[in-house]
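4 protein chains.
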Amino acid sequence: MDGKAGYGARVNQTGDTRVATVLDRKTDYVVADISLADFGRKEINIAETEMPGLMALREEFAASQPLKGARITGSLHMTIQTAVLIETLTALGADVRWATCNIFSTQDHAAAAIAATGVPVFAIKGESLADYWDYVGDIFNWGADTDKGGNGQTANIILDDGGDATMFALWGAKLEVGHTLGEPENDEEVEFQRALKAFVAKYPGYLTDTVKNLKGVSEETTTGVHRLYEIAKKGELPFPAINVNDSVTKSKFDNLYGCKESLVDAIRRATDVMLAGKVACVAGFGDVGKGSAQSLRNGGARVMVTEVDPICALQAAMEGFEVVTMEEAVTRADIFCTATGNADVITAEHMAAMKPMSIVCNIGHFDSEIQISALSNYEWDEVKPGTDLVKFPDGKQILILAKGRLVNLGCATGHPSFVMSASFTNQTLAQIELWTKGENYKNQVYVLPKHLDEKVAALHLEKLGVKLSKLTPKQAGYIGVPTEGPFKPDHYRY
Amino acid sequence: MDGKAGYGARVNQTGDTRVATVLDRKTDYVVADISLADFGRKEINIAETEMPGLMALREEFAASQPLKGARITGSLHMTIQTAVLIETLTALGADVRWATCNIFSTQDHAAAAIAATGVPVFAIKGESLADYWDYVGDIFNWGADTDKGGNGQTANIILDDGGDATMFALWGAKLEVGHTLGEPENDEEVEFQRALKAFVAKYPGYLTDTVKNLKGVSEETTTGVHRLYEIAKKGELPFPAINVNDSVTKSKFDNLYGCKESLVDAIRRATDVMLAGKVACVAGFGDVGKGSAQSLRNGGARVMVTEVDPICALQAAMEGFEVVTMEEAVTRADIFCTATGNADVITAEHMAAMKPMSIVCNIGHFDSEIQISALSNYEWDEVKPGTDLVKFPDGKQILILAKGRLVNLGCATGHPSFVMSASFTNQTLAQIELWTKGENYKNQVYVLPKHLDEKVAALHLEKLGVKLSKLTPKQAGYIGVPTEGPFKPDHYRY
Amino acid sequence: MDGKAGYGARVNQTGDTRVATVLDRKTDYVVADISLADFGRKEINIAETEMPGLMALREEFAASQPLKGARITGSLHMTIQTAVLIETLTALGADVRWATCNIFSTQDHAAAAIAATGVPVFAIKGESLADYWDYVGDIFNWGADTDKGGNGQTANIILDDGGDATMFALWGAKLEVGHTLGEPENDEEVEFQRALKAFVAKYPGYLTDTVKNLKGVSEETTTGVHRLYEIAKKGELPFPAINVNDSVTKSKFDNLYGCKESLVDAIRRATDVMLAGKVACVAGFGDVGKGSAQSLRNGGARVMVTEVDPICALQAAMEGFEVVTMEEAVTRADIFCTATGNADVITAEHMAAMKPMSIVCNIGHFDSEIQISALSNYEWDEVKPGTDLVKFPDGKQILILAKGRLVNLGCATGHPSFVMSASFTNQTLAQIELWTKGENYKNQVYVLPKHLDEKVAALHLEKLGVKLSKLTPKQAGYIGVPTEGPFKPDHYRY
Amino acid sequence: MDGKAGYGARVNQTGDTRVATVLDRKTDYVVADISLADFGRKEINIAETEMPGLMALREEFAASQPLKGARITGSLHMTIQTAVLIETLTALGADVRWATCNIFSTQDHAAAAIAATGVPVFAIKGESLADYWDYVGDIFNWGADTDKGGNGQTANIILDDGGDATMFALWGAKLEVGHTLGEPENDEEVEFQRALKAFVAKYPGYLTDTVKNLKGVSEETTTGVHRLYEIAKKGELPFPAINVNDSVTKSKFDNLYGCKESLVDAIRRATDVMLAGKVACVAGFGDVGKGSAQSLRNGGARVMVTEVDPICALQAAMEGFEVVTMEEAVTRADIFCTATGNADVITAEHMAAMKPMSIVCNIGHFDSEIQISALSNYEWDEVKPGTDLVKFPDGKQILILAKGRLVNLGCATGHPSFVMSASFTNQTLAQIELWTKGENYKNQVYVLPKHLDEKVAALHLEKLGVKLSKLTPKQAGYIGVPTEGPFKPDHYRY
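Residue numbers (our numbering), protein chains in the order written: chain A, 1 to 494; chain B, 1 to 494; chain C, 1 to 494; chain D, 1 to 494.
Treat the hints with care, since some could be wrong.
You can't tell identical chains apart in this list, so a pair holds if it fits in one copy or across any two.
Claimed, not checked - Derived DSBU-like pairs (lysine-lysine); straight-line CA-CA distance at most 30 Å:
1) 450 / 148
2) 450 / 234
3) 355 / 42
4) 474 / 355
5) 234 / 68
6) 233 / 396
7) 212 / 68
8) 467 / 355
9) 437 / 26
10) 26 / 474
11) 384 / 197
12) 68 / 42
13) 391 / 42
14) 233 / 148
15) 450 / 233
16) 463 / 384
17) 233 / 470
It is worth saying that the hints were derived from the structure and are not from the lab. Note that the structure is a prediction, hence the values are computed from the model and not measured.
Isolated chain A (complex conformation) (with noise of 0.2 Å):
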């Protein structure tokens, strides 16, 4: 499937006369429909009602504006949510251009909210990777149009989920060092090539310059992160990054709680399927897993694991799962959820195998965990966005939701807001550690100090009412820590 043909099958935007010209637009933003901006608003409202962390952070560093001078690119799932991080990163002194990471995840009322506001954005659900790529460009872009006016100045900061728009830069300054780009292996890395090409192209030495100023990247995801261990393992990171991935108020909370909640949401609104009754199937008990399992138990619905370590398949067997391999799955189970972050989990021929109206999707950050391609041929029916009636070849029909993709951000809204709250309160964090105090970092990877996760922790407290104990010094003593933390070991864990 080439992104153009996806959810919901909207068209390019910039239209047939695409030449990289990524700014011959009106507007310093691309979003699906500005006069959704009230309606996003008004979410927003709420959603800053749920998001205690972000607030306070705003509330705390009102006065001192410790982004001032940061000119932050952006790459996340732009949700009402992402609204609620941009405008506290702005709100401390921040300037931001903003992508979406995923072609399917964002929302169309909350990106032309923030457009409205004059903060650029280039976000559409179902965008084509086309213009994903050159939406890209567009984040990085602070001025390189020196003959139309432009400044020059670049971004100084990144905030990237799952690493593209890190990508974008390193790459963008090694082709201009002369650096040559492999043969593309998918239709991604062909307009990859693309964007980036014709970006250099029109501006060169701009994000050599671009590298050079920034002072480095915060990441919100696994793969994000483990590219940049990569990279920085080879000793090329040309930065400091902030793995926010590995804070325990975002993997332990995020991952576990925010799936727990929002995968039968994405299953519900898609299917409106009884869970009672039900067998479904999780491939995979990580964080991910866990809480997909949980949140179809908690559903009504029993529930069969699969796995491959036998630490996470015990965990699962203790926590009163039956574990079984996929192959036993597919003839037993209804409804089928892959959480493993690999590839090929549920194959053509284990799909072949279920039974008639199963229901099937991925929670994993790539659509690589369902062989979708593989049933490319076969008949789809569309009984609305993100709900797929796929054909076999002997007339069995199954369900396939958000194409195989995030489902609870294609079918639903993704994880609730007070969870995100959590992941963005780091986010923000980091951001704010890199900037004000870059200097102190090396060019490694390095995860927020334990006094930081926990203050993250400690500013969602109240909105739940939770009412913390305080260590008196004699019980500080008695356990070796400060009475005001940080209260564990660094390889605790949770």
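Could you slot chains B, C and D onto chain A? The hints should help.
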């Protein structure tokens, strides 16, 4: 609130010239958008795979056509599930005319799909109360317009939810023999009386004929059943009635398991709120309240319950719910849902005392549980259809869902198909019973015999892979029941 | 199995010379060890704090002494909770003689504590069947030994569990007017007939007097109630009976919530097994089965259910239990518990097919559910009282708990005090009703009126901190009930 | 104490004449009652079927005898599960001497069964502190009594729980080279110093030899591990140590799932209390606290949590627990359990403010969490061993379980065998690692490599019927791990 201002603010279909000329339309249906029929059909096809009881009846009775000759006037939420019910009735030989029983509960694509098959259906999500009552007239008009070619036929059986259709016919017949209607007490009664008088004026004697021809009514809900018992007690019931609500496979399934899935679904679609960490309060711990409390707990919230009945209160406590008064709950909870079947359960004073951004909704049949009307002078800001921010004089805002009406039908898609299949299989069996054996019944209210209740359950087992055990003759003798059932005494509570 | 071989193999208390001289003892009680009285008293004191219904009745009726003059013959498991019941009855003015209704269920320290107060009690954990039936004679002997100073008084009311005491009196009176007993079908009936004939021979006419003096019986269980309905149907019930079992506050609390806590408690005390990761199978999904299945699930196991009734089977499926046949379960489950009230639910063949070290127990009233007798020729190895390893011919061993009898009383301490308080408050109210208003009742079987059922619940709310809401007169009118209740129609299922 | 006097009220086993002649006994063991060996053996046989990891090691290493030559000094709760550990160590070739590590945790039948096999074991439930420390000496005496025929051999490896055995050897060696011991701060230290000095006086130089011969120590608990890290930090660790506690298959299983089952088990055995309707408070939400809170919730109670760490507090809130301070909890909860690893968590003032008949217990390693000593002047009334009623000056009574020590070992039988199998498989692998590859390790503290952690999990899957999936080479490459694992980075939190 008048119906017109309601949900989605759709215009009155018949325009300003409404004069009870209910069939002065080009089509024998009123739906929002007939072009939604294809979408509706796709969802009907999916729903059929989840409604094994109805599909089994289609198969069992395909040849014998037990409902041949029946002209069913049906009044019940016009949803996808009801579409499968309607097509089951027609597959068994019946003719059907259908209206919704609630101005907000229609799924427009379901109505369109049914209308497109030629079955007359009268239902629009957000229709006005005036339209609502005219549509009740429409479903009784089986050929009243003899001057325009009507054949003079009437309905000969009713399928009702809440009793509005039954009341229309009975009061119409009374009007025709000189009874008068009391003073209307509210907007709803104004429209009821207007519509009924207009109908009687236009087709004098027709409703008297109708009542004479009716072989009975099957009633879906507690409310409608209550009305029927009252009429029967006075000896004024002119035909037998079957109380479908009190089939075990209705009240202990639809009410309980339906709400268990649909309440959080509705709240999430309306608000995207995170339930983990939140405190919810469910008013009432009957079957609907039990399902609602479990829904919110399984969704992640801590749940408090209010009750007036000490037995239900003790059940709530045994299930681990904190039982409080609403006065206490208003300052502690974040989410409120009424499920009492009573009035004024959440008053304006209660809402004034709630925390900012509290979420307030009702899952009971009528919108009397929350004093919505007392908020009419405050500022209402519609975030999206079904979700309103209401601002109090002190500036505090709360979120009201579905304007206080049935939240799972107003903000989501109601109960899932599978559990509705049990309810509607009871309905179909009740219709068959009345139509084919009506003469065995007196003009009283009956529940279906236990063997049919057990049959309904049995028809839903295979879909879930349930393997039923069989009593040996010795075992059956030991507990004193037939080997094939019924297995329990009538007073058994399940 | 004869009683002597049973649980802990205690010897016959009255020795070889037993000749129905039931009072040829130095004391008017038979307990295992009177020195346990202090221990029993401590636990009774604790239990009183958990039995608010009984304690409230003591307070309410302290002055009026409604049971003054009542001579209660009581037959019910002689536990700590029953001790609190007995002392409530005496606190209300009654005289009491007590025996257990099950040879394994006595808590010897409870029996000792009661005996030490001078109340005649006849119960030893593991008593023989011969003793059991002689003790039934003992509790009817209120002064039959007129030649030894007996005053000739008789019981004038029965409190029964299972119907053995009632049967003893009724059959005794029949014998005295010439009826004969059939051939005994098993060891139990042999002892019943022996004991009854001896009693009648020794005290001719006394049981006839007794039956004449009886103002009624209150019966605790389904089984006993079933016997009473049979007798009443034949018109042979000589006094009114109150069916305590079918009070909502008994069957929906004791049976459900009692088992929910006591089943895993019993299994753990007997086996120390880890439940997480295990598969359990509960046979039967009535109230006891529902509680048992939840007990095991909440304890950590995955739970399968077997059922014959399609409605209960569908409930199990809706609750997320896999419903299978026992034939399938035997090869998949690790733990088995019967809760059907039927016979031969787990057969010898089933057990032969189980996995090694399977745990097998019964929580139903009678030990007929598991075919224990079919294993009598195999090697039994008692690990500790209540836990036996049984070796099959192929060398496989399984664990049988409580020799197939009531596992929660045989391996642990039965239901917790709090839930028994609800049951026993019903019992006490039934005794008061029969004793003070017996003339209002015909010789039929009655359930307590709903207002008393609600009273029982109400008496248990404060202990749990429950705050009950009050209906306004308007609300009461709206739903058509008195403001103080009763709140539900009689057919309401809760 | 003479073992018969049971729990509490310890007396010195060897009487007044104790002069550190630790082997002046007729037998090379001290157990309460050797006649319990048969009962112990039966339970050991059952436990073996639940400890697949240990049994698999016996099979894997039956031929190679990797522990041949090892003389293991073991100090760990002498339970049935530990018996299976001991017999696994001996099956692998080791010689073993064993003592308990807690004066209340011994299961006397387990100790007897081990002693009966000729393995020297020194452990009595309720032993005195004096005996406790003398027994530590006993397990180091592998032939010190050269004048009585001892061969002069020493221990050459330690298996420890809490670090007492390790401390005894290290301090003994220090004493022998002239170090002095500080002033004892409490009864425990008095006895430690007395026993150690006596041992050194009797066998001068022997502990120095011992330390020289030791190839290492494997340590079970957080506490012991903490001590080892302190010593290693100072460079004073004379041999390598393996931290078993922080194996994932220990801390995330034993601590979490063990407590989840054993806490309610202990409370029920001790009090028979009904949990439904009750409010419980768990202090601490680490692994033990998480398991404890789930235990009580799944048991039926509503659960509140206290925490000092904002991250753990937020986890508790996300899991639906109300997070309060102990000051608030004392007036609301009925049941209290400490799980913090800290001191003074429930103070005398807290207990004075509790509701009458509150139940108070501790599941943390040390009895410092509850200020038991502050209650010493109040009236204690032992209901049964492990259950005391304590009367406050105002007459209020509360129930203290296990005198504030580890409630699951004091009032029940500790964690179930299955989860202990995972912990003890780690222990055995650690012993093998130290004994066979000790030279690869420096004198530091190590955790087992991840592949062994995964092996431990793998050995426990088959028993539960878990079917593990296998990575394809392509999939392994995709996520960058070997197909056979390890599957996760070291910092992964599970």
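Structure-based check of all given hints:
Within a single copy, residue 450 and residue 148 get their C-alpha atoms no closer than 47 Å, and across copies no closer than 58 Å, so neither meets the 30 Å cut-off. Both within a single protomer and between protomers do residue 450 and residue 234 lie at most 30 Å apart by alpha-carbon distance, with minima of 27 Å and 25 Å respectively. Taking identical chains as interchangeable, the C-alpha atoms of residue 355 and residue 42 lie at most 30 Å apart only when they sit on different chains, with a minimum of 19 Å there against 43 Å within one chain. In this homomeric assembly, residue 474 and residue 355 come within 30 Å of each other (Cα to Cα) only across copies, at 27 Å, whereas the closest approach inside a single copy is 62 Å.
In this assembly of identical chains, residue 234 and residue 68 lie within 30 Å of each other by CA distance neither inside one copy nor across copies; the values are 33 Å within and 46 Å between. With identical chains, the CA atoms of residue 233 and residue 396 are never at most 30 Å apart, being 49 Å at best within one copy and 54 Å at best between copies. For the identical chains of this complex, residue 212 and residue 68 are intra-copy neighbours only, at 19 Å inside a copy versus 63 Å across copies, given an alpha-carbon limit of 30 Å. Taking the shortest Cα distances, residue 467 and residue 355 sit within 30 Å of each other only across copies (18 Å), while inside one copy they are farther apart (49 Å).
Taking the shortest alpha-carbon separations for residue 437 and residue 26, neither the intra-copy value of 38 Å nor the inter-copy value of 72 Å comes in at or below 30 Å. In this homomeric assembly, residue 26 and residue 474 never come within 30 Å of each other (Cα to Cα): the closest approach is 66 Å inside a single copy and 47 Å across copies. In the homo-oligomer, the alpha carbons of residue 384 and residue 197 never lie at most 30 Å apart, since the shortest distance is 37 Å inside one protomer and 43 Å across protomers. Taking CA atoms no more than 30 Å apart as the test, residue 68 paired with residue 42 passes inside one copy only; the shortest distance there is 27 Å, against 54 Å between copies.
Taking identical chains as interchangeable, the C-alpha atoms of residue 391 and residue 42 lie at most 30 Å apart only when they sit on different chains, with a minimum of 13 Å there against 40 Å within one chain. Taking the shortest alpha-carbon separations for residue 233 and residue 148, neither the intra-copy value of 40 Å nor the inter-copy value of 64 Å comes in at or below 30 Å. Taking the shortest Cα distances, residue 450 and residue 233 sit within 30 Å of each other both inside one copy (24 Å) and across copies (22 Å). Within a single copy, residue 463 and residue 384 get their C-alpha atoms only as close as 37 Å, which misses the 30 Å cut-off; across copies the closest is 25 Å, which meets it.
Taking identical chains as interchangeable, the C-alpha atoms of residue 233 and residue 470 lie at most 30 Å apart only when they sit on different chains, with a minimum of 29 Å there against 41 Å within one chain.
The structure fails hints 1, 5, 6, 9, 10, 11 and 14 (numbered hints given earlier, in ascending order).
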